[in-house]
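**Q** Sequence:
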Amino acid sequence: MYLADNGTVDHFLPKTVHPQLAYEWSNFRLASGRVNSSKGNLIGILDPFHIQDDWFYLDIPTCLLRPNPALDNALRNQIANTINTLRLNQDDNYVQERCNILMDFARADVSLGFLERRYPFLAKEVNRHGFDQPYLRTLFKI
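So the number in my numbering is just where the residue sits in the sequence shown, counting from 1, plus 281.
Keep in mind the hints are simulated off the structure, nothing from the lab. Every residue, glycine too, gets a C-beta built ideally from N, C-alpha and C. Hints may contain errors.
To be verified - Simulated restraints, written as ranges between beta carbons of each label pair:
id, residue 1, residue 2, range
1, Glu305, Glu397, 29 to 37 angstroms
2, Cys380, Glu305, 36 to 44 angstroms
3, Arg399, Pro300, 31 to 39 angstroms
4, Leu420, Arg398, 42 to 50 angstroms
5, Thr297, Ala351, 30 to 38 angstroms
6, Pro401, Phe421, 17 to 25 angstroms
7, Ala351, Asn287, 18 to 26 angstroms
8, Asn322, Asp372, 35 to 43 angstroms
9, Ser392, Leu302, 23 to 31 angstroms
10, Arg418, Leu302, 30 to 38 angstroms
11, Arg418, Gln371, 25 to 33 angstroms
12, Ser392, Gly325, 36 to 44 angstroms
13, Asp335, Tyr304, 17 to 25 angstroms
14, Asp372, Arg399, 18 to 26 angstroms
Could you build all of it, start to finish, from the sequences and the hints given here?
**A** Printed below as a string of structure tokens:
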């Protein structure tokens, strides 16, 4: 997993709520510092160990995350809550980073192989949309 900022260890179930899990490996998650700060001691977000490949969609060219509309309403609500709690769309740094990487791909500054290795979610979304580099250049007006 590639993290743009320094990774931190998150207690997925907060140690303030579940002190018995404070030193359990099964409760540790690698997270970016910003994600870990946004999550804090909150519960009710999706566990990254259980997220399925098709749960999150990327709206291109806005670079905003969305729940897959084909999922049931309860799961879509959990996904939306996770996106909002972790500020994955509200934090302009996250959104701009996603857009910058896609624009680098559109300009052929990075390859699809690079996306697949470093940003597999973005690569999957480019493929799901069926967007090639010339089309992405048009979308991003570059």
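**Q** Against each hint, give a clear statement of whether it holds in the structure.
**A** Quick rundown of the hints versus the structure:
no.	hint	in the structure
1	Glu305 <-> Glu397: 29 to 37 angstroms	holds (33 angstroms)
2	Cys380 <-> Glu305: 36 to 44 angstroms	holds (37 angstroms)
3	Arg399 <-> Pro300: 31 to 39 angstroms	holds (36 angstroms)
4	Leu420 <-> Arg398: 42 to 50 angstroms	violated (23 angstroms)
5	Thr297 <-> Ala351: 30 to 38 angstroms	holds (36 angstroms)
6	Pro401 <-> Phe421: 17 to 25 angstroms	holds (21 angstroms)
7	Ala351 <-> Asn287: 18 to 26 angstroms	violated (36 angstroms)
8	Asn322 <-> Asp372: 35 to 43 angstroms	violated (19 angstroms)
9	Ser392 <-> Leu302: 23 to 31 angstroms	violated (41 angstroms)
10	Arg418 <-> Leu302: 30 to 38 angstroms	violated (48 angstroms)
11	Arg418 <-> Gln371: 25 to 33 angstroms	holds (27 angstroms)
12	Ser392 <-> Gly325: 36 to 44 angstroms	holds (38 angstroms)
13	Asp335 <-> Tyr304: 17 to 25 angstroms	violated (34 angstroms)
14	Asp372 <-> Arg399: 18 to 26 angstroms	holds (20 angstroms)
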